[in-house]
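The listed protein sequences correspond, in order, to chains G and V. Residues in the first sequence are numbered consecutively from 2, following this note's numbering. Residues in the second sequence are numbered consecutively from 1271, following this note's numbering.
Because the hints were derived from the structure by calculation, they are not lab data. Careful: at least some of the hints might be erroneous.
[Unchecked claim] Only pairs whose alpha carbons sit at most 35 Å apart, straight line, appear in this in silico DSBU-like list of lysine-lysine: (1) V:LYS1284 - G:LYS69; (2) V:LYS1311 - G:LYS103; (3) G:LYS43 - V:LYS1334; (4) V:LYS1290 - G:LYS69.
[Said to hold, decoys possible] Far from chain G by the CB rule (all over 12 Å, computed), these chain V residues: (5) VAL1274; (6) GLU1329; (7) LYS1334; (8) ASP1335; (9) THR1345.
We put the beta carbon where it would ideally sit given N, CA and C, even for glycine.
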Amino acid sequence: KQEVTQIPAALSVPEGENLVLNCSFTDSAIYNLQWFRQDPGKGLTSLLLIQSSQREQTSGRLNASLDKSSGRSTLYIAASQPGDSATYLCAVNGNNRLAFGKGNQVVVIP
Amino acid sequence: GAVVSQHPSWVICKSGTSVKIECRSLDFQATTMFWYRQFPKQSLMLMATSNEGSKATYEQGVEKDKFLINHASLTLSTLTVTSAHPEDSSFYICSARDPTGGNEQFFGPGTRLTVL
């Protein structure tokens, strides 16, 4: 069974700092990995999707890397803004089933 | 990206009643939809996989007679919580897989269920 762990569970950073969010998974046999953003009481917004054959994906200030062999992914958010405050979820797709981590709860302090 | 809607966005019901939640793919046809449940400060847990025109596949520990899933068309799946109890109170989220978009799942906005 795929186990997904996200560290740290929560963090606060001053505005302008770069954010580094970590995700680890136990089974490296995956199709892809997705990073989502979830605001309180809301659904999921897809941020980045990395296929298993890829090493990284970039969208604006966001960059996600994938090291399948070591079972790790990292989401970098450059020059954080208060609007980046949310919970970030990592989801690993194996056999067309998504396994989620518990999330990184981020607060960006103005 | 593809759009998935859910209705209602929130519902409050009395213990013992049944509640139906709808999940629709608005701009694509989804042969497969998924239902998740999320408790406060917890991860999303997959409840079942809904396949158009066939029976849903439930995850271990999920009661199929309590959580009825119907996927009657390529754009609509429904989840009915039967004889709801307070412990069923949760955030229910659906997703749909666009068969033309690889293995990416697109998520609905979720439904907050509160059972009194």
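Status of the hints after comparison with the structure:
1. V:LYS1284 - G:LYS69: violated, 47 Å
2. V:LYS1311 - G:LYS103: holds, 7 Å
3. G:LYS43 - V:LYS1334: Status holds; Cα separation ~26 Å.
4. V:LYS1290 - G:LYS69: Between LYS1290 of chain V and LYS69 of chain G the Cα gap is close to 39 Å, so the pair fails against 35 Å, i.e. violated.
5. VAL1274: Its Cβ does come within 12 Å of chain G, the nearest being 9 Å, so this is violated.
6. GLU1329: violated, 9 Å
7. LYS1334: Nearest chain G Cβ is 17 Å from LYS1334 of chain V, so the label holds.
8. ASP1335: holds, 22 Å
9. THR1345: holds, 18 Å
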